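K.L.:
The primary structure of each chain is shown beneath.
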Amino acid sequence: MSETTHAVAHEAHNPNLQHHFYDMEQQKDASSLGMWLFLITEIMFFGGMFAAYLVYRHMYYDAFAAGSTSLNIYYGGINTGVLIFSSLTMAMAVHSAALGKQKLLVFFLLVTLGLGCVFLGIKAIEYHDKFVEHHIPGEHFSFTDMEMPNGKMVEVRVDQGQAQLFFSLYFALTGMHAIHMVVGAGLLTTLIIMSLRGKFNAGYFTPVENIGLYWHFVDIVWIFLFPLLYLIHRIHNV
Amino acid sequence: MWFNVPLFPERASTLANQVDYLYFFIVLNTVFFSAIVFSVAALFAMKYRRSKHPKAEQIHGSMILEIGWSVLPFMIAMVMFAWGAVVFFDYSRPPANAMEIYGIGKQWMWKFEHVEGQREINQLHVPVGRDVRIILTSQDVIHDFAVPAFRLKGDVIPGRYTSVWFRATQTGTYRLFCDQYCGTLHAGMVGDVTVMDPAAYQEWLSGSGQGSLSQQGEKLFIQLGCVTCHRSDIQGRGPVLAGVFGSQVHLADGRTVTADESYIRESIMFSSAKIVAGFPNIMPSFQGQISEDGLIQLISYIKSLKPQPGAPANAPAAPGAKPPGK
Amino acid sequence: MATTPTYPKEHYLNHDFGIKSWLLTKDHKRIGILYLLSITLFFFVGGFFAVLIRLNLLTPDGALVTADTYNKLFTMHGIMMVFFFLVPSIPATLGNFVLPLALGAKDVAFPKINLLSWYIFVAGGAMTLWAVMTGGVDTGWTFYVPFSTSYAQSNVILAAMGIFVAGFSSILTGLNFIVTIHRMRAPGLTWFRLPLFVWATYATALIQVLGTPVIAITLLLVGLERGLHIGVFDPKWGGDPVLFQHMFWFYSHPAVYIMILPGMGVMSELISTFSRKPVFGYKFVAFSSLAIAVFGFIVWAHHLFVAGISVYSAMVFSFLSFAVAIPSAIKTFNWTATLYKGAISFRTPMLYAFGFLGLFTIGGLTGLFMAALGTDIHIHDTYFVIAHFHYIMVGGMVMAYIGGLHYWWPKISGRMYPEPWGKLSALIIFLGFNLTFFPQFILGYLGMPRRYHTYPPEWQVLHVLSSAGASILGVGYLLPMIYLLWSLKYGEVAGDNPWGATGLEWQTASPPPAHNFVEMPVVNEEAYDYSKEREAAFV
Numbered sequence: 000m001s002e003t004t005h006a007v008a009h010e011a012h013n014p015n016l017q018h019h020f021y022d023m024e025q026q027k028d029a030s031s032l033g034m035w036l037f038l039i040t041e042i043m044f045f046g047g048m049f050a051a052y053l054v055y056r057h058m059y060y061d062a063f064a065a066g067s068t069s070l071n072i073y074y075g076g077i078n079t080g081v082l083i084f085s086s087l088t089m090a091m092a093v094h095s096a097a098l099g100k101q102k103l104l105v106f107f108l109l110v111t112l113g114l115g116c117v118f119l120g121i122k123a124i125e126y127h128d129k130f131v132e133h134h135i136p137g138e139h140f141s142f143t144d145m146e147m148p149n150g151k152m153v154e155v156r157v158d159q160g161q162a163q164l165f166f167s168l169y170f171a172l173t174g175m176h177a178i179h180m181v182v183g184a185g186l187l188t189t190l191i192i193m194s195l196r197g198k199f200n201a202g203y204f205t206p207v208e209n210i211g212l213y214w215h216f217v218d219i220v221w222i223f224l225f226p227l228l229y230l231i232h233r234i235h236n237v
Numbered sequence: 000m001w002f003n004v005p006l007f008p009e010r011a012s013t014l015a016n017q018v019d020y021l022y023f024f025i026v027l028n029t030v031f032f033s034a035i036v037f038s039v040a041a042l043f044a045m046k047y048r049r050s051k052h053p054k055a056e057q058i059h060g061s062m063i064l065e066i067g068w069s070v071l072p073f074m075i076a077m078v079m080f081a082w083g084a085v086v087f088f089d090y091s092r093p094p095a096n097a098m099e100i101y102g103i104g105k106q107w108m109w110k111f112e113h114v115e116g117q118r119e120i121n122q123l124h125v126p127v128g129r130d131v132r133i134i135l136t137s138q139d140v141i142h143d144f145a146v147p148a149f150r151l152k153g154d155v156i157p158g159r160y161t162s163v164w165f166r167a168t169q170t171g172t173y174r175l176f177c178d179q180y181c182g183t184l185h186a187g188m189v190g191d192v193t194v195m196d197p198a199a200y201q202e203w204l205s206g207s208g209q210g211s212l213s214q215q216g217e218k219l220f221i222q223l224g225c226v227t228c229h230r231s232d233i234q235g236r237g238p239v240l241a242g243v244f245g246s247q248v249h250l251a252d253g254r255t256v257t258a259d260e261s262y263i264r265e266s267i268m269f270s271s272a273k274i275v276a277g278f279p280n281i282m283p284s285f286q287g288q289i290s291e292d293g294l295i296q297l298i299s300y301i302k303s304l305k306p307q308p309g310a311p312a313n314a315p316a317a318p319g320a321k322p323p324g325k
Numbered sequence: 000m001a002t003t004p005t006y007p008k009e010h011y012l013n014h015d016f017g018i019k020s021w022l023l024t025k026d027h028k029r030i031g032i033l034y035l036l037s038i039t040l041f042f043f044v045g046g047f048f049a050v051l052i053r054l055n056l057l058t059p060d061g062a063l064v065t066a067d068t069y070n071k072l073f074t075m076h077g078i079m080m081v082f083f084f085l086v087p088s089i090p091a092t093l094g095n096f097v098l099p100l101a102l103g104a105k106d107v108a109f110p111k112i113n114l115l116s117w118y119i120f121v122a123g124g125a126m127t128l129w130a131v132m133t134g135g136v137d138t139g140w141t142f143y144v145p146f147s148t149s150y151a152q153s154n155v156i157l158a159a160m161g162i163f164v165a166g167f168s169s170i171l172t173g174l175n176f177i178v179t180i181h182r183m184r185a186p187g188l189t190w191f192r193l194p195l196f197v198w199a200t201y202a203t204a205l206i207q208v209l210g211t212p213v214i215a216i217t218l219l220l221v222g223l224e225r226g227l228h229i230g231v232f233d234p235k236w237g238g239d240p241v242l243f244q245h246m247f248w249f250y251s252h253p254a255v256y257i258m259i260l261p262g263m264g265v266m267s268e269l270i271s272t273f274s275r276k277p278v279f280g281y282k283f284v285a286f287s288s289l290a291i292a293v294f295g296f297i298v299w300a301h302h303l304f305v306a307g308i309s310v311y312s313a314m315v316f317s318f319l320s321f322a323v324a325i326p327s328a329i330k331t332f333n334w335t336a337t338l339y340k341g342a343i344s345f346r347t348p349m350l351y352a353f354g355f356l357g358l359f360t361i362g363g364l365t366g367l368f369m370a371a372l373g374t375d376i377h378i379h380d381t382y383f384v385i386a387h388f389h390y391i392m393v394g395g396m397v398m399a400y401i402g403g404l405h406y407w408w409p410k411i412s413g414r415m416y417p418e419p420w421g422k423l424s425a426l427i428i429f430l431g432f433n434l435t436f437f438p439q440f441i442l443g444y445l446g447m448p449r450r451y452h453t454y455p456p457e458w459q460v461l462h463v464l465s466s467a468g469a470s471i472l473g474v475g476y477l478l479p480m481i482y483l484l485w486s487l488k489y490g491e492v493a494g495d496n497p498w499g500a501t502g503l504e505w506q507t508a509s510p511p512p513a514h515n516f517v518e519m520p521v522v523n524e525e526a527y528d529y530s531k532e533r534e535a536a537f538v
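Chains as they are written, first to last, in numbering that gives the first Met the number 0: chain A, 0 to 237; chain B, 0 to 325; chain C, 0 to 538.
In isolation and in its complexed conformation, chain A is listed as follows (with noise of 0.2 Å):
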């Protein structure tokens, strides 16, 4: 920063540079500080759900192991892949961003943005499946059978209990999850808008950094998500 004294008064500058920051560096530097701070409060959120179904998962492990088989492992394993590539797209939309290049970051804006709401309709099949299947907690919860990946039904024998609290956990996170996935896509849709009205340039392009490191963060918390209630200990055969 300038050693010299510098009046508040106004001269040429970047029409983004908002009155209280110096300069357009320390506004980005500020914004981009502010986004990581928020996003490690996030973790902390996610955290201690994490912490808990750690906990219940060491104590009632049969129970939770029954749990994560009657998962449906091929969406959740196309829902990991779509969301894998669409940071890869939202990447390519800061990139293209960075090069000053406005129909380009319109295009992978878009195709996140699809993709996105494609893993929110996987998501919407899956929870559909648990109502009909009556693994959804409350009063209706009833865990005696699953459907495996081969297509079979087998019976499920479960304390119910313990049962119930691994779908409690299971929709608590994968549905603070979807909420986050929502806001994110209400922020992509947000970023287009703000596209396709020429607001960003090579010279300024902060929102979408920041929010391009969001959808990185939903991205990984998914990839967290995934292994812990799909995959592990999951009972291969009957």
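Please note that a few of the clues may not be correct.
Restraint ranges, calculated between C-beta atoms of paired labels, are given here [as the list claims (entries may be wrong)]: (1) B:SER33 - A:LEU230: 55 to 61 Å; (2) A:LEU119 - C:PRO512: 48 to 54 Å; (3) C:GLN152 - B:SER61: 55 to 61 Å.
Treat the hints as calculated values from the structure; they're not laboratory data. All values reported here derive from a predicted model rather than from experimental measurement. Just so it is clear, CB atoms sit at the ideal spot from N, CA and C, and this is done for glycine as well.
Place chains B and C on chain A using the hints.
P.N.:
What follows is chains B and C alone, placed relative to chain A:
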């Protein structure tokens, strides 16, 4: 009236002595450091007040002082820590042959059940000079069993057993409180612990007509049908229970656990939680069918079952019974 | 060469008029005042409940209110005071107002988020007040399960959600402050030239940002369990009630450091200004703030010593709890040493600083009784604990808050408060406080349990002393309300720097212009450089 203001609680247990000595040490420390800070601050305030000392000297610090007043308090703190840990260790390890009394906390009263069958509500009679262990559980929310004269307390938690132990050192009646907020009449969940001479205690004990806890437990064991699977030979579908209490149990998922009161309770109420290796997962859950009192009676009974000579405690049932797959 | 203090013609208060200019402001100074108004309201609501509690405890039969009402009173006193007064207090009022000025910045990093923070806070407060007024909550501010999830017959979910919402206000304020301190310091203002109030605010913000999300998720799970009967915590459905305690205290212990660190920051400012010399051991005090924030996160299970955790984990947490006391001790000794060879004046803020010094020392030292496992067995959940934390939070934090308010009042309003009334109130508060809470140490060791509305009759004298003290304390708190408001119109004009203090906030007018500084300051001296002669009209 006001010279009768109590300032310090009576001391009526061995734990009370230990706690009080530690307490006095920490009080001494508190008074000492407070006195230093107060007197030095007061001294400086007087000596260096602006009217007398108008020009402040720009002092920035002193490494020696910083080290000194970090290290010395830390060392004193470590003494307190170690001393406190020793007392706590003692508090947490009941002596092996302590006599046992069961206690149930429920909104908003205490129920105590002596092994010999005596039952009390909001009263607890114990002999002086003997190690007593109270095995506690809650029927609803978390409570806390607290006897200030013993300097003793321990949380009482639903769904599991906790315990506290003490050795009373003088006869008398001492207040019992619930020390964990538990709802409307939390402040009403109080009682008395009466410490008696051993002879008087024995006499008091013989007043019950119900039979001992384990005798009542045996009746329940038969009445609920437990005996059909948990036979005393290895022909039953469930493990033999003689000698199981306190032993190491090998579970189907590979873990080994100690069969304490909580394990027995869990096996009755959430039977599929821990399946013994070599046995099928067929025990029904008795949740909702047995009260906490009933559970205590059953546990008392199972504790009383000594292993028969020659018979392994947890052998698998019929040959050919498959262990549950994974 | 005394110049008469002048009142600036244009400043942030007359920069813009009308309700919209306040409710839609992005000026951190106005937002600080909005917070000041809201938390004062919550303070008096929580204080009102405290008055009723102490009135009820005048007699052993506790006949003033019913048991259920009493349970609601202490619950709501705790919730209001912890979440809606103490946690925001210094950071959201004095921090918001002073921080950008002290850094030489025009505002915080994210002014719109700052305003959003206030609205979120008010929304959470409104939800909780609504819960209070439509039947109340009776779970204790600690919401222990399974009572709160399955047995309480009160507005648990509403209150929990109010706190959940207010938590986001805390997170956003903390986030804003961290970015501001990192990125918006004036040229030349390096980290070790920062006022210690900024260091303390920074450490507090770290805790706010990292700890608050955990209470959010914990309360959310409580709400889900209560609403949908899933068994996260209730053993009836396979849950673990002690897990709740771990999750709850994982935030709530660091929260108590949120509730004292800013007060310590104010202490540093007051002691140095009114001794006219730098804080002794600047770097030690700065690093102690960070140490308290870090260690504060790893001691939570000392609230669970008698809840059935293993002996070994209890020993680890006991050790760490002693360790966390050391940085506070270091600070206390450094403040005392700052007085050495100073030029001490006893203006109202300094009286509050002396009060803090004494009361925080007692409060902090009495924490050791609980860190030590052996004594904790006896005093856990008794009045000893209540006395300990009130010495720190009321004797410490609230005194620092009031002291800081008086210290920066001239900067905020451009006017001085009436000094004799200031001194009188400080004295009344100090005496009232000690009379209220010292007897509670004795009651606690005698075995008086917390949250009891009745008690053994032989303890009545101690309770009467405590209640008498509370009435005096109440008067002490009302007086500043009155005379500070009076001073807005009739107080003496303060001028830029009535205390002759170092710190960038004193290099601009009182009240400051809307954009804080006419020319951006450049810093080329160390913190607390009182070596040159400074004019100080009011010291």
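K.L.:
Hints broken by the structure, by number, lowest first?
P.N.:
No hint contradicted; all consistent.
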